[in-house]
Structure formats: C-alpha cells, structure tokens
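Engineer: Each chain, written out:
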Amino acid sequence: MLTVVALIFIVALLSPWIYKLFKEKSGWVLALLPFGSFLYLASWLPHIAAGNVVQQSTTWVSMALFEVNLAFYLDGLSLMFGMIITGIGTFIVLYGSGYLAGDAYLPRFYCAILLFMGSMLGVVLADNLISIFVFWELTSFTSFILIGFTHEQENSRKAALQALLVTGIGGLALVAGLVLMGFASGHWEVSALLNEGDIVRNHPYYLAILILVLAGAFTKSAQFPFSFWLPGAMAAPTPVSAYLHSATMVKAGVYLLARLNPVLGSTEIWLILVGGFGLLTLLVSAWLSLSFTDMKQILAYSTVMALGTMIMLIGLGTEMAMKALAVYILSHAMYKGALFMVAGAVDHEAGTRDVLKLGGLRTLMPISFAAAALAAISMAGIPPLYGFIAKELVYEAALEAPLWPVLVITLAVIANIAIVAASAIVVIRPFLGAKVETPKKAHEAPLSMWIGPLSLAVLSVLFGVLPFLIDTSLMVPVASSVYGVPMDFYLSLWHGINLPLILSLVTLAGGILVYRIWDGLRESAPMKVYQTGFAMGPIRGYNGLVNGLLGLAGWQTRTIQNGLMSNYLVTILITLLVAVGYTFLTRSGIVWNPGFENMLIQEWALSIAIITALGIMLAFGHSRLTMVIGAGVVGFALALIYLMHGAADLAMTQVLVETLTVILVVLVLIHVPKLKELRSTTSKIRDGVIAVAAGALMTLLILAVTAAPFDAFISEFYAEASYPLAHGRNIVNVILVDFRALDTMGEVVVVAIAGLAVYALIKMKRFGSPPDTNTGGRTSSGAASKQGGS
Amino acid sequence: MMKSLILHTATRLMIGVLVLFSLFLFFRGHDEPGGGFIGGLVGAGAFTLYAIAFGTEATRKVLRIHPITLISVGLLSLVVSGLIPMFVAEPFLTGKWLFIEWGAIDTKLSTPLLFDIGVYLCVVGFIVTVIFSLEEEG
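Top line first, the protein sequences correspond to chains A and B. If you're matching positions, the first sequence starts at 9 in the working numbering and goes up one per residue. If you're matching positions, the second sequence starts at 7 in the working numbering and goes up one per residue.
If we strip away everything but chain A, and leave its shape as in the complex, we get:
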C-alpha cells in the first residue's frame, strides 16, 4: 500500500512532464494511475469479505518516546473509502481533462489533484495516528491549492483561505487529540487501539480527547456551525468540487469518527455530541439548499446535509445505524459525484449554473440528462435506485435511536423532504420544460465529461436492483469495522409495507409539494431570514474573528515594533538582564577567576585591539562608516582568537561573514540618511547604564561557565565517530551535513526565506507598494545598525 500511495505522489510531481509528452491525451494516460490503484484495492475484496484485515508497516521516525510508522491498515471501512477515492478519482481526472481543456493551468490541475488523491488515500489507509494526521493536513493543504485554482479571482483566494483556516484550526485540535489518545492508551496504531477502547473511554483525558478529535472531524466534514467553508469552496473548478467537496475530502471527518467509533464511541456524551451535531447539521443545511438557485450551491448544502446524516448515524452507534452508514456513504458518493459533474457540464456547455436561467436541455445534452436524472432519483431516495435502500436504512436507524427516537425521525423526515425537492430542482429545472436562451449555445459535453457521471448513475441503478452484488462483499465488512464487532446482513430493495416505507412515501409527497411552491418559498421573507441567519451568520462570525485577530496583530505590531532601533535594543537587553541575571544569581552566583596570568602576549594584543576599536567607535561614533569599520575590526580580531584555539573552520567563516557583512552594510548605507543624535542626555545615561550592566552580566556569565568542569563526552563522541560513521575527518563539516543535518536544513531554509524576503521587500518598494514612506526609511536604518552590530 505504501507503494501505491508513494507512486501517486511521484506521478503527481511528474505530471507536468507527462502533460508535455501526451498533450491533450494526458487525461486518459493519467487516469490509468487511479484506475490501477482502484483495481489493486479491489483485488483485496475477497480477502476482506472473508473477514480478514491487511497490515503493512515501514518505520518512518523512530524516537525514544514513540514511533511514527508509515503503517497501513486495510479493512472494510478503509477499503470502501479507498475504492471511492480511486474510482471516482479516475473519472475526475478524465472529467478535468475535458472541463479544463485549453486552460493554461491544466498541468497544475493534474499535479494538485493527484497530490490530493495520494494524501486522501493516505488518510484512509494509514494506521499510525501521526501519519493519519500528516496525510490529513496534506489534504487541507492540497485542497487550499485546488480551491484557489483560479487564483486571479479574489473570491477564489478568499474561499481557499477560509477553507484552510477552518480545517487547519480543526487540524491543530485533532493532532492534540490524537497525541493525547496515544499517550493515554500507549498505542500509536489505530489497529491496536481498536481493541483498547475501554482504556481510552475510562481515561481521565477521555473528554479532552473526544472534544479535540470532534473539533477536527466537524471542521473537516463541515458540520454546523463550521459548515460555511464548504459552500464557499464552490469557487473551485467543478472537478475539484465534485471530488474534494462531495465525494472525498469532506468525508475525512466522517471516516475518522467511523474509524474511531470502536475506540471513542458508545458513551452517552458521544451519542449527544456526535448525534446532536449531525442532526442539527442535516436539518439546517437541507432547507438552506432550497434558498439558492446556483446548482453548485444547492448541491453543496445537500452535501452538508448528507455529511450531517453520516455523522448522526455514527453518533447513534447502533447496529442498524452502522449498516445504514455503510450503504449511505457509498450511495452518496455515487449520486453526488455524478450530479456535481453534470452541474459542471451544464455550466461548461450552457454558460451558467443558475437554474432560473436554464431549461429544456434534455434534447441538447441527452447523456448528461440521463446521468443527472438517475443520480437525482437516487438522491431523492426513490426505488429501485441504491439511494432508496440507503434512505430506508437511515429511517430504520432513526426509529431505533437510543435517545428520543421520535424527535430524530421527525427531523430526519423534514430534512429529507427538502432533499427530495432539491433533487427535483437540479434536474427538472435545467433539463425539462421549455428551452431557454443560455449564455452559450449548449451542446452535449465531450466523452471525457459524461463517462464519469453516467457510469456512477448506472452503478446506482445496478446496486439498487441487484444489492446482493455488494452486500456481503463490501457493506458487511464496512459496517463491521465501524461497529467493532462482526456483523452479518443482506440488503434488499423490498422490505414489505412497514413504517420506513410509509415515511418514504410521506417524504416523497412532501418533497413534490415543496418543489411546486419552491419559487414562492425561495423568495418568501422567512426563507430570507433563515438564509441570513444560518448561512450568513457563521460567515459573519468567521469574518469578525479574522478581522479581530488582524486588528489585534496590527495593534500589537504598532506598539511593540515602533521602528526605533534603540527601543528594541533596550527591550532586548532589559529582558536579558532580568531573565538571565535572575537565574544566574540564584542558580550559580558570581565566580571571579579571570586567569590573567595565563594569557599569552598575542592574546593581550588582540584584546587591546578589540577594546581600542570599540573605544574609537564610541568616541567618534557620529559617522556610520566609522562604526562599521570599528565593528569590522572586532570581528576580524575574533576570527584570530578562533584561529589561536584551533577552530580553523570557525575562523574562516568569521572572516568571510565579516567581509560580506561590511559590503552589505556599505550598500545599505548609501540609502540611509545621515546619523543624527536624537536622544536627550537622560536617555543617553539610561542607555549607558543598561549597556554596561548587560556587558558586566555577560562577562560574569562567561567566567562562571568556563569555571565549571568541562564535559568532553559530546566532543569526544564526534571526534571518534566522525570517520567510522560518516567517512569524514572534518568534525565541523560532518556535524553540519550528517550528524545534525536536520538542524542545518532548518537553518538553510531560514537563510533561503530571508533572501526571498529581502528580494520581495526591495522589489515591492520599487513598485511603490508600502503606503508609509516614513516607516520604510526607519526600517532600513534599523537594518543598518543591526548589521553593523553583528
């Protein structure tokens, strides 16, 4: 499984070159990758159906505290998710090749969508808590790139940032929850945790773990009130919406809760929190979908409703709920993926997605119409489609709810009425009725764009009519892995006349009624209030929070970073004096053993040179150039001291850095105004006292440190191990590039970012971006004195 995930990442990074090779055929070539992965996963079906699981593990990071393994775990749940991700992924790559044909950024789309696919597959296949989190964050990150795909448009960028912030903050909560869970149970592999549920549930951290994990899952899976980012994310191109924001990424939260149900579930607080949020979400969002006329917005809110249903089922936690969950996830992935792709095809061919501006497309786009009609019938839960079986099971699970079943089933029926109406709207309005003049002359979408929705729609029919095709082979293993105990059941279309069937008829009748009055309902005052409250309210809250945070950051920056270098130095030195001075005096105390008698003549000479240079700087310090030269002398003298003590590398570095610094500072000095003395005598005295105190403290500190016995363990280790382990005799270099390479890497990245920042700041200044020129002057003078002081 590691090979499959790694292969997807590698091909993703190579995709721009694959595009150059195959041009417009590259969609079909690249689709082979998810298709192959799909076949690989499908080949495990018989093994998983027989009740087995597959585990593979490679060590990634090994630490004393815990291990991070690239461990993979395949059971019913992860297999179904993996097959959805790769199966729909195949169609999405094809669909994208048609939808974005001719777009200059098409290679970038392939790269990002495949990176996302690899990350998402990682989330559902990973066994280790830390690697789950890493893949989870990768999905947030790739989703950010994909939502902001049309980055020239401001609303795309805003939507991308909004999705990243919401899911990113959730991700932070999640990692805390996962780490707590790991420490509480002592297990870092989910497969091991599954049998240790009682330890976690009875642990004092349980509530904290639960809330943190739920925060991660609810933000990712767009539960109310965090649901607003998902409709916003519809700014993405439709292939992205169809894939990330309906079939896969938003289900990551559902997957995680389903995966952890045997560990965290079946407590009262789980039932109330998970079931409650799910129920609230499904009710609120189902009716919100009716307040929009954009096909993608309608589908987005119906997706939020479906996610709410899944979360609610996990919360209920009964055997029936798990059965319903398995069937519902699959049925939703198929019909919603198909409907999104058709919505995109309509937008692509007719030029609009607004159902009020569309009509009569059935003769112009017959294949898309067929796919949309079948998918919508499945979404509305009408027999003999697979969606019907799913909805019946949801109703049965709601009727058996462990708490307030009457309330649960009532709200479920009310929400599903809205979904029936929404299904009708997205098919009847654009495709049936009289032909309407559309912005573009509509015609059927290309093969690459209809093959996906049509295949998914046909599967919805197939699985509905012949449910035995997937019940024992896939649905039973899925439900068993969520439930934590092996289950056994068969699916069928006809259950006889029972309460769920009657409720289905009620839902259908209600849905048709709502569809009939939809035009009036949408424009009615209560609906407007409802939309303002539930759709706009959370967005307003989000904007308020973000703006508040920006305001706070601005205020803090203006207060602390006032641009006066001397203020910065005073702050830094006083902090040093208080913090270091206190610790020094209480922990160590003064040691006076300067050892003047052991000093050699050349050391005396150097010390006198350094002190003289500093004296000149102080005495004639009204020219910046003098200061730079003074600082330079100190620097070169230090290099000599290093050399005397045998640190050749350090001395060379010091000489080179000193030389280049002087050049850099002189270049900066050209642009800096003449040095002026602005301080009053009082503040001069204050600065002098602080400077002398700081200098005295450092002197005493060095004396105390050198007086302590020297532990040669580390340096001896490096001296001995350098050649046998790292094949190098220069210990300094071996430490830099081998023993402590990760540290060096961090430092080099800092250097690289600093370089980019200097470049960006100076270029930006040239194009006249900073509004306050006064601040600009201050900053560069600050930079100059900082450089001079080094």
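It should be emphasised that the hints constitute simulated quantities derived from the structure, not laboratory data. Treat the hints loosely; a few may be bogus.
Unchecked claim - Taking lysine-lysine pairs in the DSSO-like style, the calculated list, with each CA pair at most 30 Å apart, reads:
{"hint": "1", "chain 1": "A", "residue 1": "Lys-684", "chain 2": "A", "residue 2": "Lys-771"}
{"hint": "2", "chain 1": "A", "residue 1": "Lys-448", "chain 2": "A", "residue 2": "Lys-166"}
{"hint": "3", "chain 1": "A", "residue 1": "Lys-771", "chain 2": "A", "residue 2": "Lys-682"}
{"hint": "4", "chain 1": "A", "residue 1": "Lys-33", "chain 2": "A", "residue 2": "Lys-449"}
{"hint": "5", "chain 1": "A", "residue 1": "Lys-682", "chain 2": "B", "residue 2": "Lys-9"}
{"hint": "6", "chain 1": "B", "residue 1": "Lys-114", "chain 2": "A", "residue 2": "Lys-771"}
{"hint": "7", "chain 1": "A", "residue 1": "Lys-166", "chain 2": "A", "residue 2": "Lys-536"}
{"hint": "8", "chain 1": "A", "residue 1": "Lys-31", "chain 2": "A", "residue 2": "Lys-448"}
{"hint": "9", "chain 1": "A", "residue 1": "Lys-771", "chain 2": "B", "residue 2": "Lys-67"}
To be verified - So these bits of chain A aren't anywhere near chain B, every CB distance computed over 10 Å:
{"hint": "10", "residue": "Phe-30"}
{"hint": "11", "residue": "Tyr-48"}
{"hint": "12", "residue": "Val-61"}
{"hint": "13", "residue": "Ala-181"}
{"hint": "14", "residue": "Glu-197"}
{"hint": "15", "residue": "Leu-215"}
{"hint": "16", "residue": "Thr-275"}
{"hint": "17", "residue": "Leu-372"}
{"hint": "18", "residue": "Ile-436"}
{"hint": "19", "residue": "Leu-470"}
{"hint": "20", "residue": "Ser-500"}
{"hint": "21", "residue": "Ile-520"}
{"hint": "22", "residue": "Val-588"}
{"hint": "23", "residue": "Val-641"}
{"hint": "24", "residue": "Ala-760"}
All residues carry an ideal CB built from backbone N, CA and C; glycine is no exception.
Place chain B on chain A using the hints.
Structural biologist: Coordinates of chain B only, in the frame set by chain A:
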C-alpha cells in the same frame, strides 16, 4: 559599479581563482577545513566583487542563472538528499555512501555531499540575491 582600472583588471584575474578556490574549499570540506557554507561564502564573495567592479547587469550575465533559482535548486538538493535513504527504508536524512574505485579513480559519492551542495547553492543564492537587490535599488 566602480570605474577603476586596477579593480577591473584585478577582478578579471581574481574571479576565476576565487570561484576555483570556493570549489576547492567545498570539496575538501569533509576532511579538511572548508565545506558548503564556507565555500558558498567565498563563491558569493567572488560574484560580489564582480558586481562592485562591473555592476549587477554584467554579473547576471556571468552568473547566467538567476540567484533565486540557485536558492530553489539548493533547497531541492537538501530535500532530495534526505529522501534518498527513505527509498531503502531508512529514516529521512540518513547518510548513504557510494565508494567508487575504478582504475586511478578512487572517490566517494554520498547524500551528505548532495546536502552540502544544497547548502553551497543556498548560501551563494542568498548573498547574491541580497547584493543584487541592494545594488539595483538606487
């Protein structure tokens, strides 16, 4: 840019020597004082000297590669040198070595060498970026 005959002549002579010296320092670095950081500083110094003598436009031509490209290639080398051991199931950044003895050639190639190349390129790229930006600002 300075119009000095001595500086121009000296720079023309020096730049080749400095670049060679920086490579010399770089390659001996694993066993003797030197290495990617120090070599990079000398290399950057060479181009800085050239920029002072002949201006940034001429230096860009001599350098051929945009300094930011140097930084990005350097970062890429760091990452790749870390990823290579992962293909043989060892942790990120584990040093992997290849000893070549072929006739008169007796040398060693390694991921720490690639890592050091990354450090070298980033240091050169950083300093040259800053020098170019500051020089061209006025």
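Engineer: Would you mind marking each hint as holding or not holding in the structure?
Structural biologist: Quick rundown of the hints versus the structure:
no. : hint                     : result
1   : Lys-684(A) to Lys-771(A) : holds (28 Å)
2   : Lys-448(A) to Lys-166(A) : holds (28 Å)
3   : Lys-771(A) to Lys-682(A) : holds (24 Å)
4   : Lys-33(A) to Lys-449(A)  : holds (26 Å)
5   : Lys-682(A) to Lys-9(B)   : holds (25 Å)
6   : Lys-114(B) to Lys-771(A) : violated (43 Å)
7   : Lys-166(A) to Lys-536(A) : holds (24 Å)
8   : Lys-31(A) to Lys-448(A)  : holds (26 Å)
9   : Lys-771(A) to Lys-67(B)  : holds (20 Å)
10  : Phe-30                   : holds (25 Å)
11  : Tyr-48                   : holds (20 Å)
12  : Val-61                   : holds (22 Å)
13  : Ala-181                  : holds (27 Å)
14  : Glu-197                  : holds (18 Å)
15  : Leu-215                  : holds (36 Å)
16  : Thr-275                  : holds (38 Å)
17  : Leu-372                  : holds (48 Å)
18  : Ile-436                  : holds (53 Å)
19  : Leu-470                  : holds (42 Å)
20  : Ser-500                  : holds (48 Å)
21  : Ile-520                  : holds (58 Å)
22  : Val-588                  : holds (29 Å)
23  : Val-641                  : holds (19 Å)
24  : Ala-760                  : violated (5 Å)
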